[in-house]
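Protein chains: 2
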Amino acid sequence: MSIKFKILSENKKARTAIVKASHGIVHTPTLIPVATLASIKSLTPEDLQRLNIEIIIANTFHLYLRPGPDVIKKLGGLHKFMSFNKTIMTDSGGFQAFSLGLGLEHGVGKIITGNNIKKSRDKLALVEEDGVIFRSPIDNSKYKLTPDLSIKVQENLGADIIYALDECTSPLSDYKYTKESLERTHRWAQRCLEIHKTNQSLFGIVQGGEFKDLRTKSAKFISSLDFDGYGIGGVFGKSKEHMYDVIDWSIKPLDENKPRHLLGIGAIEDIFECVELGIDLFDCVAPTRLARMGYLFITPKSKGNKENKFRIRITNKIYKLDKTPIDKYCKCYTCKNFSKAYLRHLFVSNELTYHRLATYHNLYYFIDLFKQIRESIDQNKFSKLKRYWLK
Amino acid sequence: MSIKFKILSENKKARTAIVKASHGIVHTPTLIPVATLASIKSLTPEDLQRLNIEIIIANTFHLYLRPGPDVIKKLGGLHKFMSFNKTIMTDSGGFQAFSLGLGLEHGVGKIITGNNIKKSRDKLALVEEDGVIFRSPIDNSKYKLTPDLSIKVQENLGADIIYALDECTSPLSDYKYTKESLERTHRWAQRCLEIHKTNQSLFGIVQGGEFKDLRTKSAKFISSLDFDGYGIGGVFGKSKEHMYDVIDWSIKPLDENKPRHLLGIGAIEDIFECVELGIDLFDCVAPTRLARMGYLFITPKSKGNKENKFRIRITNKIYKLDKTPIDKYCKCYTCKNFSKAYLRHLFVSNELTYHRLATYHNLYYFIDLFKQIRESIDQNKFSKLKRYWLK
Chain S
82 MSIKFKILSE NKKARTAIVK ASHGIVHTPT LIPVATLASI KSLTPEDLQR
132 LNIEIIIANT FHLYLRPGPD VIKKLGGLHK FMSFNKTIMT DSGGFQAFSL
182 GLGLEHGVGK IITGNNIKKS RDKLALVEED GVIFRSPIDN SKYKLTPDLS
232 IKVQENLGAD IIYALDECTS PLSDYKYTKE SLERTHRWAQ RCLEIHKTNQ
282 SLFGIVQGGE FKDLRTKSAK FISSLDFDGY GIGGVFGKSK EHMYDVIDWS
332 IKPLDENKPR HLLGIGAIED IFECVELGID LFDCVAPTRL ARMGYLFITP
382 KSKGNKENKF RIRITNKIYK LDKTPIDKYC KCYTCKNFSK AYLRHLFVSN
432 ELTYHRLATY HNLYYFIDLF KQIRESIDQN KFSKLKRYWL K
Chain H
82 MSIKFKILSE NKKARTAIVK ASHGIVHTPT LIPVATLASI KSLTPEDLQR
132 LNIEIIIANT FHLYLRPGPD VIKKLGGLHK FMSFNKTIMT DSGGFQAFSL
182 GLGLEHGVGK IITGNNIKKS RDKLALVEED GVIFRSPIDN SKYKLTPDLS
232 IKVQENLGAD IIYALDECTS PLSDYKYTKE SLERTHRWAQ RCLEIHKTNQ
282 SLFGIVQGGE FKDLRTKSAK FISSLDFDGY GIGGVFGKSK EHMYDVIDWS
332 IKPLDENKPR HLLGIGAIED IFECVELGID LFDCVAPTRL ARMGYLFITP
382 KSKGNKENKF RIRITNKIYK LDKTPIDKYC KCYTCKNFSK AYLRHLFVSN
432 ELTYHRLATY HNLYYFIDLF KQIRESIDQN KFSKLKRYWL K
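Chains as they are written, first to last, in my numbering: chain S, 82 to 472; chain H, 82 to 472.
Some hints here could point you the wrong way.
Claimed, not checked - Below, in silico cross-link-like pairs of lysine to aspartate or glutamate (DMTMM-like), each with a Cα-Cα straight-line distance of 25 Å or less:
no., chain 1, residue 1, chain 2, residue 2
1, H, Lys-412, S, Glu-127
2, H, Lys-204, H, Asp-255
3, S, Lys-167, H, Asp-403
4, H, Lys-161, S, Asp-151
5, H, Lys-404, S, Asp-151
6, H, Lys-401, S, Asp-151
The hints are simulated quantities; they were obtained by calculation from the structure and are not laboratory data.
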């Protein structure tokens, strides 16, 4: 079934809503935790349930390379494969056209690691009219990801919400390249809609780099097509203010009765600014990846603020004998049972249990933050909450 | 408080009993999972509770190096540090006198990894009359572990059951060395009893290599001292039959009203043979370490047997599309929710969640095996159960 989207409350441009999909309801605004290879690293579906996580996103490109969409299809699709019975989204693989292509060439964006990448800045992805040619970071083999293949792969993976193939340009791309790329992305969007036959919901992506006219054009065009929701893509590199402008330009022309997903952004400050602009969905590896790197989130009550990016680094020697939890106001399993000293010991000793306790806390933190955000919008107090956090 | 030990039923030499310690009751025979650095790798205390794990063992040597016994003492002791409120045991550090000393020199026993070890076969431990001189595998610094220090460290760690310092000899040690070592171990045992002042229970260790007269002598001597229980130590290298003889010699002279712990042994076959000889407690890294290496245990009903060591290797290509659980008769969380194909995918992709699901299954398997063993002894059917498993 196609998703149903219902706005529940509005506070200026910010809004709360529910997305009703085949595997249940998603309350927005919310975070979509990233299950790159069909698992939230170190957690189980039972943890996700306990964390009240209603939606996750898996990566088409990564699952295409392994274990392969045919394997997952034969095993009953992603929900059955990973034993998660709530909403699953997959991306199109288009972001990797950036991160393994222009992103790698320009040295911007996410760092992707793999056997062959560390050695050179050679691009592993090349965009052509009909698709993206990839070299696998695992074994160097060649693949061509076309709009048709992206949809086919996502149909086999069987998520509830899937994405049209796009090209994510680099912040260093000029106007001419960005415009050409955008027009190609639009042709791909149309093609994806044409061939899409399952009852999965299909989202289209707004691109256009940092250019106002291109963003407006893209959002108008994507909004004119029969998508179930919208992604806003791009690498928003230059400054926070500019980033918020770009997102605002991208949102304005969209149908307000469809969900808006800001792809790959998840810093606390950005969440508040973008919810304020009307974003409903955020996906970001930050909470889980930062946990594994030793960064644990703390609330304003526990001295989290813009300067410390709302987090502590657990390796810090000051925690060696610290009996207190990461955040004494946090009610998560980790904070109710373990001290910073213990977590630091586990991290320093490379103990696997660390990853789990840390990941659980960081996700709990973000899920709780979004709960506060939704309540504040419902109560017309979003600006107050935003001021409290970003003061 | 000292432990209380009560035998509940006997079936020839095999027996069921309860060990009542300050943090609750332990039903024996049972497995003591190994929490080397104060965590069962990848699991939480909540998992341990769900697995009905009543006792774990942590490693004095490893915790001495990091985070250090003073740190753990200041943080309230091991129970509070790791948030585990059932029985905890610590070893004496003596086994590392072997694994970093003669074991390394002779190329036998456990492989210990560390920054400096891979480069050479140089011993990192040297046994002297008053203790063991270690070089740390972490940073090469020198330590001398004496009976006094071992007890002091274990008092600071605060486990319910602690161990007297011993030297574990190598299967390649000759009679003369083994005898000298044994006499030293006995002097250390007496010294540990002399200086032990807390209300922790103190266990002594029987050594004596492969020599019947030394084993008998050691067991008689250790039994004559005021220990709360006994460890049977040694590396039982030559053959299974010889190993069972050595264990039998070590048990016979012991006070039958005290618990007997076979140190470091945990293969399925050995468990049956040694329960039959009267062993109450087993500690072994096998279930958890093998899980992390991709080996998952299966019962006889699922074709587990002596030949396949009761396990499958999850990397096997035949599992790529296998929709069935590790063991379809197993009722653990992993088997109830995940296919071998999914576990294989997680393992091959280095996903952290793999370790947890695998470790959980393997521990569930051993805990369940011991439950079956206890029931069979209670019902006078131990031999039948043993035949069924080892047929």
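We went through each hint and held it up to the structure:
| no. | hint | in the structure |
| --- | --- | --- |
| 1 | H:Lys-412 / S:Glu-127 | holds, 16 Å |
| 2 | H:Lys-204 / H:Asp-255 | holds, 18 Å |
| 3 | S:Lys-167 / H:Asp-403 | holds, 23 Å |
| 4 | H:Lys-161 / S:Asp-151 | violated, 48 Å |
| 5 | H:Lys-404 / S:Asp-151 | holds, 14 Å |
| 6 | H:Lys-401 / S:Asp-151 | holds, 11 Å |
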